[in-house]
Amino acid sequence: MPDTSGSTASARVEITRAEVAHLATLARIDLSDAELDHLAPQLSVILESVASITGVAGDEVPPTSHPLPLTNVFRDDVVVPGLTPEQALAGAPEVEQQRFSVPRILGDEQ
Amino acid sequence: MNDVLTRSAAELADLLATGELTSVALTQACLDRIGQVDDAVHAFLHVDVEGALAEAAASDERRANGDLLSPLDGIPIAVKDVLVTVGLPTTCGSKILEGWVPPYDATVVRRLREAGLPILGKTNMDEFAMGSSTEHSAYGPTRNPWDLDRIPGGSGGGSAAAVAAFEAPLALGTDTGGSIRQPGAVTGTVGVKPTYGGVSRYGLVAMANSLDQVGPVTRTVLDSALLHELIGGHDPLDSTSIDQPVPALVEAARQGATGDLTGLRVGVITELGGEGYQAGVLARFQESLDLLVGAGAEVVEVSCPSFVHALATYYLIMPCEASSNLAKFDAMRYGLRVVPEAAAHGGPPSAEDVMRATRDAGFGDEVKRRIILGTYALSSGYYDAYYGQAQKVRTLISRDFEAAFAQADVLVSPTAPTTAFRLGEKLDDPLAMYLNDLATIPANLAGVPGISLPSGLADEDGLPAGFQVLAPAMADDRLYRVGAALEALLEKKWGGPLLAQAPVLDGVQA
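Line by line, the protein sequences give chains A and B.
Read left to right, the first sequence gives residues 1 to 110 (my numbering).
Read left to right, the second sequence gives residues 1001 to 1510 (my numbering).
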């Protein structure tokens, strides 16, 4: 990391193996035990480094979500061609009756 | 090596115009070169021999009839595999999209087709453009044509290596934190990140949508200008596209090539140099700066104090956006689907079980790291401290640019802190890898345009170094004026293009 003078941060940030497992669940990724062992310390190092921005900008600084100002965009309500069903389904892992076929979406308890 | 391969796109357009060369002959020469060297370089993930030759033949026919589509009609091009292409597989360097053939074209790809450029194929990249070395590709790394044991930069190492190895005169890249400019620097080629919104992102598979930008990858500054004018401009399909005309870039490049920069104020950014930068990179940077002064430019030192926080800001904003953008890879409508043999709950696998297994099998290490990091930084309790704070620092970085551009017309720095490192050297050390983008990231955060062009070879290792020029938003023409001037002055000193000093690669073995 470059010099971060002016920041208040060198607070130790640690992310535990259990937290990584929880985050993986939120992100819908099955991580193996080996992956959890490998990722947790790496993420701690990265987080400790990025935590250097803590306190750099005060409350008076507005956030930037986008580099250029965004305005809503309208277009004329004209029908334009879209994908055919065949095109839309062409990359699907499984198709049934011109629809995307997916595994069951409800659990047993529902 | 066939002589036409080393020509610039501008020169090739002239040869096509005089009838000395046909698009079919040129395209075949590129395909032959790919066949000869790409087992070793591995710049391409997919080569479209038939499609490229058919488009080349169509171009030759148009020329015979006198109805050309653009100044680059008939000039072959390579396309980074993160841009969707009808009829050509688009993998983003990921197993999760292996074999996927998109049903629509990215706007930039459509513009290439409408301008008559044969598409040679799709180029290798770090998975979903996450990386600075192209080693994170699920299909194996690309190698640097200057030294096959070294990285070509990333994420667009395939596009940069393709033009550096003379496999293609032109390529398209994308730049989220430096993925066009840093590969340009380490392969001795030219790469441009346009103003955010200056080139359509429709059909660019998003990593971080507020940072991503498509741009040209070429061997000369003029070629980048020609390609940039062709792909740039408003696109109603991209809600962040700027509805203004593209500045006269080719004209700016031609004017700059005369070598007169009288009255130009060049700002050297204090924070992007010194410690952490390789001596040979800094030496070539200083020489280039001296050449600009010799051409009439005035150099001022500018300080951008918030830039020291740019890397940390980027490594929060980018993973947050990436974790959200990559949620669409859910194994339902396209891409890989892995059905686990047995679910933990004992019943038949649910959609969520399939999703989790697919994303584990389909994503590589770096993608998982960034998704988990983004998920963490966006989760309740951490959002304000990380993502919210990063968005505020982003404002400070934009303000630094505004203040700097009040003092200078363009800002300059080395493009990357070092020359190309060895394959494997930083693969499992994410922070060391991230430092490669130190000097390129601020431009993405603020949305301003930047170019990298070769500044020479570092004394320590004889490998290319890059010179970066940054301009205010929508003043992309300044990049071309200054870039073309420096290129002309450097080539006069070198006695020709830098790539003339690169290994020929004829007869290389994989």
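Please note that a few of the clues may not be correct.
[To be verified] Cut-off 20 Å, straight-line C-alpha distance, at most; resulting in silico cross-link-like pairs (EDC-like, lysine to aspartate or glutamate):
id : chain 1 : residue 1 : chain 2 : residue 2
1  : B       : K1328     : A       : E94
2  : B       : K1328     : B       : D1105
3  : B       : K1392     : A       : E60
4  : B       : K1095     : A       : E60
5  : B       : K1426     : A       : E60
6  : B       : K1492     : B       : D1365
7  : B       : K1328     : A       : D30
8  : B       : K1095     : A       : E48
9  : B       : K1328     : B       : D1365
10 : B       : K1492     : B       : D1260
11 : B       : K1095     : A       : D59
12 : B       : K1328     : B       : D1260
13 : B       : K1392     : A       : D59
14 : B       : K1392     : A       : E94
15 : B       : K1426     : B       : D1238
16 : B       : K1426     : A       : D30
If you are wondering where the hints come from, they were derived from the structure by calculation, not from laboratory data.
Hint check against the structure, violated hint numbers in rising order: 4, 5, 6, 8, 11, 12, 14, 15 and 16
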